[in-house]
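Engineer: Chains as they are written, first to last, in our numbering: chain E, 11 to 213; chain H, 185 to 450.
Please note: incorrect hints may appear among the correct ones.
As the list claims (entries may be wrong) - DSS-like mimics (lysine-lysine), calculated; alpha carbons at most 25 Å apart, straight line:
(1) E:K65 with E:K16
(2) E:K99 with E:K65
(3) E:K129 with H:K218
(4) H:K331 with E:K133
(5) E:K65 with E:K40
(6) E:K129 with E:K65
Derived from the structure by calculation, the hints contain no laboratory data.
As the structure is a computational prediction, the values presented were derived from the model and not from experiment.
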Amino acid sequence: MSAEEKALVDRCRAGDDDSWRELVDCFGQKVYSVAYHFTLNREDAEELSQEIFLKTFENLHRYDGSFPLVAWLLSLARNLCIDRYRRRKREKSFRFVSDEAVLPMLKSDDDPAADALKKERTKLLFWALAEIPEDLAEILVLRDLDGLAYGEIGKALDLPDGTVKSRLFRARAEVARRIRERHERRGSAGAFQTLALAAGGVL
Amino acid sequence: MSCGEIERLFIAGASPEEARRHALECATCRSLGKDVDTAEAMVAGLVAPALPVSLRAALLEIPRNTVSCEGAERLLPAAMENEISDDEQRRLANHLSRCAACSEAAATLEAMRDLTQPIPPPWLAARLAANRPVREKSFWRLLLAPKAAIALAYAAAVVVMLAGFNPADLARRVSASQLGENTRAAVTVAESSLTDRIGAIQEKIVRSIQVWKGRAGGYGRAALSNAVSLIWKSSGPKERPAERPRNRDGGGAFRERDTTITTWRA
């Protein structure tokens, strides 16, 4: 797989437009998804995606095919994403997640009540992600939101698989704990169970 | 506080049944496992935001708007000679505006052109002169040296003058009468000079003789006077000369009587 990806990269380096189109079609969606999850804003995500692909194009000669291309792309993208994430975190409205921000991530059902519940749940999820440490949050985003394999995340972040799994476990536990504590503070302990039931995550 | 087993099972990739079995025995792990499953389930229903068409088009245009670092490396030398097209120039400029490393390389190459000649330090000339190797001077170089040339010119002038070839007098000496007259004048001058010299020597000799005569007479008279004095003194009694006063009272400090009294009192 990496040999094919290396060949694709070499063709891109040689100036083959079709190969570059293939690369964009293979990884554009993934990169945009990651960028969106870190920024929660369409304009910022587009700008960040362009920045990531520009950096990819300028550094194609550095790819040696030793690990998956998507992991290499993410390793280039990581600093840019983290920079944006920290910049957003410094803003006062960082923990406020709007309806527009979560809508692109929701599948619309015919049931408006179920849609409203999913929207609230997603907003709550991103609020909790903003509350936990960023090294845990980024693992949760890459694994659960963007669907990357442990090995790809490990290569991208230069971490062993065990560390990735451990952080993912703690990230999930922290997110759930923050949500539960928030509901307990507001005296609506039943809401968490409602959300949990809606998500189907009961042991 | 969890016993940590539920996390170990998760990292080890255990099946959900194993985790559930442990959760039935451990209350804390049951609570923790429920949280983790809930968070995972909250995320599970989300979909990835769709890639905008405009963004895809922009991504496809990237190779036409910029160059890679290795592309910039190839273009930079040609760009310095203005041998690249406008399109390449635009793409290179776009890349340099984004890439700090390539921009630094380009700026360094460009700055080489603006370097001026360095100003030598003030001590350099003296040091170079001191370290200059000594060259053996040839005969002609010595001969043509300024000081040697001046000395030679003077020597030549002296030789010419001694030989009678004074250019200033040469015209006057052309006629024989003038030459004879000059000879006579020279002889006259030489005679008078010789006479004066001899007269001077005679005068000096006479003066020396007179001096020696005077000295001889003086010594003779002195010897005669001493002889008469010796004869005269040996015939009469000796008289002690009066002692010269030695103190301030003018009467003489050391009289014979004072000395005696002092001796008696002691």
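Engineer: Could you run down the list of hints and mark each one as holding or not?
Structural biologist: Okay, the hints, checked on the actual structure:
Distance check on the hinted pair: K65 (chain E) and K16 (chain E) sit about 17 Å apart at the alpha-carbon level, within 25 Å; holds. Annotation: proposed proximity of K99 (chain E) to K65 (chain E) holds, straight-line Cα distance about 24 Å (limit 25 Å). Note on K129 (chain E) and K218 (chain H): the hinted pairing holds, with a Cα-Cα distance of about 21 Å set against a maximum of 25 Å. For the suggested pair K331 (chain H) and K133 (chain E), the alpha carbons sit about 104 Å apart, so the restraint of at most 25 Å is broken.
Between K65 (chain E) and K40 (chain E), the direct Cα distance comes to roughly 16 Å. Compliance with the 25 Å bound is thereby established for this hinted pair. The suggested pairing of K129 (chain E) with K65 (chain E) is violated, with an alpha-carbon distance near 34 Å, which exceeds 25 Å.
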